[in-house]
Structure formats: C-alpha cells, structure tokens
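Fit chain B to the supplied structure of chain A, relying on the hints for placement.
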Amino acid sequence: MAPILEVRDATKRFPGVLANDHVGFSLDEGEVLAFLGENGAGKSTLMNILYGLYAPDEGEIRIRGEKVEIHDPNDAIRHGIGMVHQHFQLVPVFTVAENIVMGTEPSRLAFSWKALGGAAAVAGVLGFVGGIFALDGVLRWLLAGAVAAAVVAGLYGLVTLLGLLSRRGFWLYFGVVGAACIALFAGLALLLGAPGRIPLLVILALLFAAASHPMLRVVTTALDRRQAVRRIRALSDQYGLAMEPEARTGSLPVGVQQRVEIIKTLYREAKILILDEPTAVLTPQETDELFAIMRGLVRQGKSILFISHKLKEVMAISDRIIVMRNGRVVGETRPAETSEEQLAEMMVGREVELVVAKGPASPGDVVLEVSGLTAIDKRHQPALRGVDLFIRSGEVLGVAGVQGNGQTELVAVLTGLQPATGGSVRVLGQDVTNAHPRSVTELGVAHIPEDRQEDGLVLSFPIYDNLVLCTYYEQPFAKGPLVQFDEIHAFADRLVEEFDVRTPSSALPAQNLSGGNQQKVIVARELSRPIKLLVAAQPTRGLDVGSIEYIHRRLIQKRDEGCAVLLVSAELDEIMAVSDRISVMYEGHIVGTVDADKATREELGLLMAGSRPESKREEVTVG
Amino acid sequence: MAEQRRPSGLRARLAALPAWSRLLLLAILVAAAVVLSKWLILLLLVALGLWPIVLLLGLGVLALLSRGRGGWPWMKGWLRGRLRGLTLPGLAVLTALVIGGIILMVTDKAVFEAMGEGKIFQGLGLAFANWGKAYWALYEGALGNPVRILTAIGRAFSGEGLQPLLSAVRGPSDTLVQSVPYIFAGLAVAIGFRAGLFNIGAEGQIGIGWLAAVIVGFSLKTLPAYILLPLSVLTGMFAAGIWAGIAGWLRAKTGAHEVITTIMLNYISYRLSEWLLCGPLENVQGTCRSQDIAEAAFLPRFLGHPVTVHWGFILAIIAVLLSAWYLFKTTWGFELRTVGANPHAAKYGGMNVAKSIVLTMFLSGCLAGLAGVSQGLGITHNIALGFQAGYGFDSIALALLGKSNPVGVLGASLLFGVLRAGASRMQSMAGVPTEIVQIVQSLVIVFIAAPAIIQSIYRLRKLKREETEATVVTRGWGA
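Which chain is which? The protein sequence lines are A and B, in order.
For the first sequence, the residue numbers in the numbering used here are 1321 to 1943.
For the second sequence, the residue numbers in the numbering used here are 665 to 1143.
Some clues are possibly wrong.
[Claimed, not checked] Here chain B is said to cover these stretches of chain A; the calculated rule only asks that three of the stretch's residues, wherever they fall, bring their Cβ under 8 Å from a Cβ of chain B:
no.	segment
1	1753–1759
2	1774–1782
3	1883–1897
Honestly, the hints are just simulated from the structure, not real lab data.
Virtual Cβ for every residue (Gly too), placed ideally from N, Cα, C.
So here's chain A without its partners, still in its complex pose (with noise of 0.2 Å):
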C-alpha cells in the first residue's frame, strides 16, 4: 500500500541557514511518526513546507503516491493535511465553535426554508412599512410588501441554490443583481415620467448589488453556525475530545484548547495531523489524555506527524522516529530498537549526558534560612502553610512537587515578588522577608524565572538591554542617570559568546530567539554577577536535550564554585540527577527531605502525590 504521505529532497533556504537540507520521508496510513530533533535542526521548517506555509526551493510531495503542489495552509488542508501549532491559534474571545467555523464560511450553503422564510417575513414587514409612508391606498401597501419579499426570495435563493457566496461568485452575483436592480428601476423612472434620474438610479443600482452581497454572507454564515455546532458536536462524541462547543475559548484550560484546535483539524476533514511540540504546553495528566486521543485517532485512521524533543515521549506514542540535525535527516528507527541515550547521541551529534556527572558536594555554611513561610496565590488561596527549609553554601537543594502545591508561590516570596503573610526568609543571616526584590537581589541572590518571557525577559528589546535589567543602573552601566552604552554592549557581546548564546547579533530583540536560546540569556545574565544564592524555578522547561545538559552542567558548576543553590522543578529526573537534597513540596508543606543519592523514584512519587512511603524515611536535620 502505498504511504498517504511521502517527501522527496525537500530542501529550504533562508538567508544564511539552509533549513531543510534534501530531507525525505515517508508517513503510513495509520501510523504515528516522531520527529526528532533539537532547536533549529529543521522540524518546525519541513512542517510549515507541507502545510504550505512556506514554499520549498526544492523537493516534492506525494500524497498517496500522486504529486501535489501545496501553495496555502488552504491547498494543504484540501488535501488533507491538517496543522495543530505549538502555539495556538485560538481568538480568546470567541466561543469554542466560533473558532472552528473560522475561516470556513461555506461558499455553498444548503437552502433552509426557515431562513427564506424568516428573511422574507422581515422584508415584508419593512417593505409594508415603507409604504405606508411612501404610498396611498392599501393595495400598495401589501404591493411594496410583497416586493420586497419577493426580491429578498430571490436574492437568498440566487445565492443559495447557485452558490455565489465566495469571492468569485461575487463577480457573476454583481453583475445580474447589478442588471436586474438597473432595469428595474429605469423602468420605474420611465413609468412615472422622470427620465432624467437615470443615471443617478444607475448608480444605486449598483452599489444596492456591490453592498448587498457581503451583508447576505454576513446573514448566511450565522445561520450556518447552528450546522457547525451540530458538526461539531458530532466530532467531538466521535473522537472522544469532549468539549463544549458554546464555551468561551479563554476560559478553557489549555489541554481543552489543544483539543479545540485538534477538532479545529478534523472539522476540515483532515486525513494527516501535524502536531507540533504539543506537550510543551500541557501538565503530565494532560500529556497522558493527549496520548489517549492520538491512540484513538490512529485507530479511525488518521496518520499523525508528532514533533518533539522530549525523548520520553517519543519512545512512549510513536510507531517510527525519525531525527533530524541542522536540516538533515540523521537517523530513523523504532523504539523497541533504540533508546533515550541513542537518540539523544544522534539528535545532538555527540555523546549527551542525560544525567549530568558530578563529584560530591562539600557544603559549607547556611546561605539561606526559610522559617514558617506563609503566603497566599493569585486566588487568595493558602499557597503556603508553613514552610521551613535551609541550604548551605556549595550544595543543590532540589524542591520537587506537582505543579501547583506551593512551589511557585515558594519561589517568588523568596525573591522578593510576593509578600508573605507570616514566617520568615533569612539570607546570608538577613532577614529578607517582604523585602524589595532589588535589596534581594544586591544581597547576592540570583533568579532564574518559571516563565522566561513574562517574568524574565522583556521580549521586544534587544538582547543587551535584556542583559542588563537587573544591573543597569549601577556603575559601569550607567554613570548615574546617563547609560552608558559601550559598556553594555561591550558587556553583552562578551556574555553571548561565553553562554554561547547562538544569535547573530546582540542588538536583535529577544523575541528572535529561539526558547533555548532565551533561557541562555537569563542563566548568563544571573551567572555572571557574584552570587552567593542561585534560585533557579523550572529552568529546563521546554528546551532541548543539548540545552538542558548546558544548563545542568552551569548549574553544579556554580556549585561547586560555593553558591548555594534551589532547583525548583516539576520533572523529577531532573531533580533526581543535580540536587544534593531533595525535599518534596505538597500543598504548601514540605512534607520530606531525603538525600538525593538514596532517594528512589517510588519514595519520592508517592510524597509528590501526598502519601508517605512505608520505607523508611531518611531525616536530614538542621545542624
């Protein structure tokens, strides 16, 4: 049988990057393929080739054994190609089933006796009332109704019955409309003597029938909506994505909006589902369900392109798994014939270290002391109940959690950008509780932020400026009011080189970088003061394999150099393989601390999740 999907030499340039670099594959019916690779290696790039968002400069592609040509997201969607973005394409304020009809109002629409019905009744009832005012006798009245009726009648069935709702139907509608709507009134203006307004007339005419048709597809499109919700919901059973078509997309959490945007997909008769990095947004609960519907998709006979970096994941829900590295294709395998560690190898093109090697800690004196710390979240809900910890200087301190049981909360009352409600933080011996992030900041405490572009980075400015947020008012920087500009650049250009920051140029606003990237600007940033407390919350999260080893490997390095450090993060291995300590967050407790080289996996899900292991539990007391 021959594949729904093949890709022969697809090649992309940009300048100075060749993207894609003759890359060819194959996609079976019903099955689900990974693609593999870091930032930048050409994923994202080949997946915008096919949905036709960008055009390839060479290569072509075959859909069941038959070449097409795929010019516009709309060719790639008439032929069966659908695209879930990483980032969603939803408008917040319209309804569930509004942003699934979006962009489909139909160019064909089924006649519906209700609407002729309703839409003549409303012309009657106007073409009555006018002429009323306009005529005299009863008879012309009920002859203006019926008129107007009438017109209406046929207007709605010319467009219905002959389908020119769309662009170019317009041409034909306009010039009949146009004709009937010219003849019509120079016969009236004939019959009651004025032939000198003809041309006047001529000119309405014209623009009743250029204005008319957008306002008819105005009308038809609501009435179609009611179709949609029926379509949708239909979908939605058949599937198993639940959802409700009259909610507002805002509202929904975001796997319920992964999930509108793959129904988005299927409302458009997608055979070939193209997800991209879908899991970078959703909790591990919400990874599971997503898994879920994949499997369930595959068995109605989808076939589905998965894009990712997280190696787990592949492994878990792909059939195949092809890796790509600077635009090539590099390997493709199975994942009973491979493992985590060959495809990271492959993916980055040298041996990775998954789990990043350090030498013992020699941890020295209390850096930061955390006593019965309080505090609310956004809902004014307890976040934090009473919370005591402590770190020495030259030693990881992992917190581990589910996200949501405080660790947020945890981190910004320790930097200074909560208040807390009751306890206290002591730095260095100083207490520091609600005090201002900047004297938090100058007492030599380091923050690497959860969410790198709200918190971390100031987007629309340029990398140097980005590097300097939290310094810029001190010397060299800035000679009192006045900034001084060679110092910061200069400043700049020496951190992007030794973070290997990969970016052209540092003048380029941050939102040019890749997420990866991104991160390197913030760790370089908190890196290159002295520091004698690094806080570094969820600092992994969504980069790459050849990253994260980038940013583990800082952070012991750090350590070793003497700084303590907090590592808040929600991915176990993650914590399992820099901390020193481990302690378990669970609603806004700490409810273990466990030496990181004889916790288990097991020992420290089940605090996660709230219960205490029947093990022994290692006790690390404050010296």
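Same frame as chain A, but now just chain B:
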C-alpha cells in the same frame, strides 16, 4: 558577533575634545542661535514654503556624501532605510486625502443639483473644480505659494523690506504655530504609551496648564519678563503635571485604570475653568474671558504680523529633544520603557513599577500642560471659554501615528499642523467646511491603526513586523 559601530569622522573629532571645550562650543552655538533667531525662523519658514527646492538640495548633499561611501548603492540603501518606515504613513495620508476629496466633491449642493437634473458631466466638472480649488487653498494655507515667496524674496532684496515676504510665508507660519500644541500633547500621550499608560486626560491637562500660566501672567504684573515668563511657564507645566499625577497615583495605589480617571479629571477641569472664567476671573461681563496677561509674560514672537511663530515653537523642539534623550539615553527612561513593555519583568528587574507610573503620568501632564501654556502665553494672551480645541484627543492619534517616538510625533504634529492651517484657509477661500479636514485626519488614524487596509488597497507585500508592530496602548483593568 559584535556589531561594528564606527563613529563618523565629525562625531569622533567632537568626542575627542575635552568636556569643557565641548560645553563652550555648545554655549557659543546656543548664544548665536538666540541672537540670530529672527533670521533662522524666517529661513525655516521660507524653506518650508520652498520645500521642493530644499528636497533637491538635500538629495544633492546626499549625493555628495555618497561619493566617499560607495556612490549610488549607498545612497539608495540609506534612503530606503530611512524611508521604509514612512511608506505606511505616507500612503495613509495620501489615501485619506483622496477620500476626503471624494467626500468634498459629493457633498456640494451644486453638484447634487447638476446630477439630479441629469447633467452628469457638468456635475462632474463642477465637482473636480471644487476639489482643485479646495485642495489648492489647503496647500496654500499650509505651505504658502512658492511663486509668491520667490517674488517676495526678490522684493526684499530690492529694498522693499520684509513685509511682502512675511505675508508670503503666512502659510508655513500658521503651520508651525498650529503644530506647537500638537507636538506637546502628542509627546505627552506618547510618553504615556511608552509606559503602557493611556493618558486620555491631555485635554484637561492642557486646560489646567493654560489656566495656571495665564493666572500667573496677569497676577504678577510687576515682575520683569525674565522672571515672570519662566515662572508662568513652569507654573502651568507643574499644575498640569500634578493634575495628571493624580490619575497616576490612583493607578499605582489602587489599580484604578487611568483611562477612567483621566477622563473624569477632564470633566473636572472643564467645569473648573468654566466656573472661573465666567465667575471670579471674568474680565468683561458676559464674555467668559479672563483679563490679558502682562506683556512681560508673552512668549515673544520672532517676526512681525502676520507671522505669529513664537518661542513656544522652540520650547516644543526642545521638548522633543529632551523626551528622546530621557527615553533612550537615561536609566529613568529605560525603567519607563520596561514598565511599559513588560511590567512583570520590570518588577523582576527590581524596578519600582508604582513610582514609574506616577512619575510618567506627571511628566505626561507636564508636557500636555505646556501645550496650554504655549497657546495661552504665545497666541491668545488670555484664556476664554471654549479654548478647548480638541488638541488633547487628536494627540492620541498623533502618538499612534508617530509610533510613540518623539521624532515621529514631531513629524505627525507637523502634518496635522499642515492640515489645520490649511483648513481655515480652505474654508475662507473655497467655502469648504473645516470638517473635511477633520475627516481626513480621522481617516489617517484609521489607516494607521489598521494597516491591512492600506496593504490590500495597494497590494503591498506584507509589511515587516517592525512596521506594523502594535503600540501597546494600555493594560488590564483592575490590578
């Protein structure tokens, strides 16, 4: 890779001089400018009126410069880089003028009558003649008649004095004068936008500034000019700054959105001035106008009648330069822009967001107040009811047009100054109501706010992201 930034020859030589000699040089230049101000302004006005010649001269200078740097390709690249940002505004203005012209054509009673009687061609002819007459009056009212200017220069040299020349450059003079309040108010709103604050209160702040400056101007008649004038200006400025600062403080302390509070403060300002002008401050019963300010408080005019350009124009240019310096070269400006671009990151970076908000609203109010000050001390020399001329609301459009950049605001203000100056002449010469110009102004705003319209009309390829980057106008309601 580090960007190579080669300082140009002149800048390098200047930077090499010791600081005191640079200051001395600056002081000498400023003194010379003040002494020669009359002639410099006259030269500016003539240059505005003879702008095609100036443009050619400029291209010539560019061609000369290009010889050392790579000739025609360099010049083409330089022009393309500088002008790229002007494509959208330029086309927007052009389209707005065309549509304004169409509306002009079809709203003439005579045209309707001709059309109604079936005399299509006569009607069309009349319409186009109207259009030509009106737009020529618009041009002349704004930029003068080049031929008349040239002959007036000739007459000046042949001993007839400056008066013919002054009359000939009345257009450019009106343009500059009309643009002064726009510049100040546009800067006020633009600075607000840069910090993510929507200052709709410019209208009320202009009023407060005007009021305060005029009150000082006629109350302290005994003071000499070198004290009274600066005092009036500063009083007007600070009064308006504090007025706006109220809204800023409310926003910082309670989260009350400045859109609401500034509009409310506008109304308070209107009623306050109404009460004062028709009550305690009324000079002649029934006029609702204050007494005139002392001559010592006038913003001096450079030349005689009918050229009314006054020192407020210089203040406006200084305001543009200071705003640009503040925003882009100081740490305060960096804080302001960061709070506007991403208040979360600003807080993370240790900036005091609340302080920035209050300070920004204060500065914004000061600038808006200067608009009122310059009108009160430079043009009317008193304050009368109905002084509001909508500058405060137009300035929102200006800030958007100028992309919240001080130099952009200057350009947009000059454009609006051109339109306003031309509008009054269009009304007197061609009988066309000034509302047509308001329509043009509004259309310009619509086209700038929705660039896709221009794109589809002119089938432009997608404008680059930087060109259509939406200005952050304001942020969330509530906290």
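| query | What hints, given by number in increasing order, does this structure fail? | reply | 3
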